[in-house]
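Based on the provided sequences and hints, a complete structural model is requested.
The listed protein sequences correspond, in order, to chains A and B. Quick note on our numbering: the first sequence kicks off at 1 and runs consecutively. Quick note on our numbering: the second sequence kicks off at 269 and runs consecutively.
Worth double-checking, as some hints may not be accurate.
Looking from chain A toward chain B, a few residues come up when the C-beta cut is under 7 Å (computed) [claimed, not checked]: (1) Asp54; (2) Ala76; (3) Ser80; (4) Leu86; (5) Val94; (6) Val97; (7) Ile106; (8) Asp177.
What follows is a list of derived Cβ distance ranges for each label pair [to be verified]: (9) A:Asn40 to B:Ala673: 49 to 57 Å; (10) B:His351 to A:Asp17: 51 to 59 Å; (11) A:Gly182 to B:Lys718: 32 to 40 Å; (12) A:Glu232 to B:Lys718: 51 to 59 Å; (13) B:Arg379 to A:Ser9: 54 to 62 Å; (14) A:Glu126 to B:Glu378: 41 to 49 Å; (15) A:Glu16 to B:Arg685: 15 to 23 Å; (16) B:Arg685 to A:Asn40: 25 to 33 Å.
Worth flagging that the hints you see were computed from the coordinates, not collected in a lab. Where is the CB? At the ideal position from N, CA and C, for every residue including glycine.
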Amino acid sequence: MASQLLNVSALSAGTEDKPILHSVDLAVGAGECHVLMGPNGAGKSTLGHVIMGDPAYRVTGGRIEFDGADVTELSADKRSLAGIFLSYQAPVEVPGVPLYSFLRTICQKRPELKTTARKFRTRVGEIADQLELDQSFLMRELNVGFSGGEKKKIEMLQLLLLQPKLAILDETDSGLDVDALGIVSRGIQAYREQVSGALIVITHNTRILERLEVDRTHVMVKGRMVAEGPAELIAQIDANGFERFERGDEQGEACAECPGCPKAGDAE
Amino acid sequence: MSDQRRRTQVADVNRSLYDFTKSEEGYERYDDGLTPEIVRAISEKKDEPAWMLEMRLRALDLYHARPMAPNWGPSIAGLDLDHISTYVSPKTKQAKSWDDVPADIKDTFERLGIPEAERESLAGVGAQYDSEIVYHNMRDDVAKQGVVYTTIEDALHDPQWEPVVHEYFGTLIPPTDHKFAALHYAVWSGGSFVYVPAGVTLPYPLQSYFRLNAAGAGQFEHTLIIVEPGADLHFIEGCSAPKYYEANLHAGAVELFVKDGARLRYSTIENWSKNMYNLNTKRATIGADAKMEWVSGSFGSHVSYLYPTTIMAGDRGSCEFTGITFAGATQDLDTGCKVIMNGADTTASVSTKSISKDGGVNTFRSSVVIGRHADRARCSVSCQSLMLDDISRSDTIPAMDVRNATAQVGHEATIGRISDDTVLYLMSRGCSEAEARTLVVNGFANPVSKELPMEYAVEMNNLIKLEMEGAIG
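Here it is, written out as structure tokens:
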């Protein structure tokens, strides 16, 4: 499907000593919103990191195409500049690097975002207000001493500033209180509206999805895609959990119960 | 290896800014080695008072009496003093205008940015080339306030200041202190004498720059600064040298007298070449309610032994030491500081950072002594090290001698490396791997660089950038 924004095909990857992803397929069209669900340890975050180009994982098979180009061998910075964004589950603290100058640096690296210092300041200020982030944060060191919720807001700030074509949100909702969750959800919505960006939302929790129009839902178990379906699949999982998929992974038949599952009938 | 897995290859530091040499043709160069004749010749050339010659000769005896190798710290076995020339004088007189400085020497300082900094942000400049000061000047308005900024040699020839030099010179760092202090007093030449009268605040810093051009030579400048009660001075010292294959030696002495209620900030950026043995001694004594601030950046030299010392004699004095060292291939830098707190309610804060890479060795050595009378003295020592690879080394050796039960002392040390997670995080936002690493290292150094004068902060950031971005493919 050459028209897809992201096309992951038969992707296998793992750490040096442990395979994690087994022949994973995932296709995301421009502007689509996909949800990736699965029990703990299913390999969802790994998939997100491999798509971003984390060198901690080795790709052993398959390929990743983004925006018409094979990016499987590209380093993370090149993928970032090409338009992939990964919002971290636990954003890293970088002492001594002021948030504001960091934001300026990463924007100036993108020809389409280069702007004057004054316009940049205005833009950052607007987004910070939108995320109810006190502007004093901008002068602080990148993520240093920030609470979990503040770190997630900083991730959203970068998302809105960088305007990537694809954003992978790795459990962005974890550890957020109700208020922060609302603000982050609004940030995600703003990204969808302003940039028409595509999303892969990795989550355990359906709450963050309430405000989003989901196009496709994918279920991963033990490093394999075991189900794919429309948004309604989320409600099913919410009600019944992952148990049947887990069973299905072993027995290779339960997928037939899920609407639209590509694995239906596949003997694995 | 795939693109994203390749790790930064860091080349040897690009020192092209410093690595240019000028001919010494026609210079006065005394024989290598150390004899009473050489010491007498230096003294005679300077036309010194008798007491100074006596001090030199006494120091020479002390020097010969002391064993060469220290039984601690980095090896100085590569330093053969029989082949180090202790006095090399460029063929010029000290000038008050850059136009009167010989073209090649002027070019050297132009390339180091000294005249430009002088025009923009300094109250006075002294520039030493090998053994002698070639340029010395101070703004008139500063001179009118009674501030004296000159060479020790000139002060010795001034009937008003000769007794002052005699009173202070060699009292804070005596020739008996250690072998290289003895050597220093035997052959010292050049350096600065600064006197700030009571209550005077200098609006801009004074800066002395020390350039060692001659190969196989030593530089032994003496800096003597007296800040009278209530006065305020910022003094900047810069040092560099081109690279030679012969060993060079720097054994300067810095004696700082900060009187009651006065403040002195002493900033140094040392960027000697990697054939330099930097065996420098710096010491300050501060009075009641006085403040001493050290800002120290050490990037160069093959071996350094450097521990600026603050003696807090009066009550309520305070001392801050902020330092950073960067050790690359072939470098063994043993640095730190000493604080001696004898007054009540004195405070001291020591914060150092070290970065090691390519097998460079950093050792942080500190000594805090809190005397019996230092009631409620407070001292905190923090030492952070960053190692950029598996072959470098970083050690922390803090010593604390606390003799007052009401004193509060704290020490913390951390040793870390750049985590792959941090690099990936920054790369996932579009920074190249080299940029990501540079960001982390600059961030690590940031608390120090923001204490430096602007042009030195820029220089330091550039040095780090050059070190980090070496040869990424």
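Now the hints, each set against the structure:
no., hint, result
1, Asp54, "5 Å, holds"
2, Ala76, "4 Å, holds"
3, Ser80, "4 Å, holds"
4, Leu86, "5 Å, holds"
5, Val94, "6 Å, holds"
6, Val97, "4 Å, holds"
7, Ile106, "5 Å, holds"
8, Asp177, "24 Å, violated"
9, A:Asn40 to B:Ala673: 49 to 57 Å, "54 Å, holds"
10, B:His351 to A:Asp17: 51 to 59 Å, "56 Å, holds"
11, A:Gly182 to B:Lys718: 32 to 40 Å, "37 Å, holds"
12, A:Glu232 to B:Lys718: 51 to 59 Å, "56 Å, holds"
13, B:Arg379 to A:Ser9: 54 to 62 Å, "57 Å, holds"
14, A:Glu126 to B:Glu378: 41 to 49 Å, "46 Å, holds"
15, A:Glu16 to B:Arg685: 15 to 23 Å, "19 Å, holds"
16, B:Arg685 to A:Asn40: 25 to 33 Å, "30 Å, holds"
Checked against the numbered hints above, the structure breaks only hint 8 and satisfies the rest.
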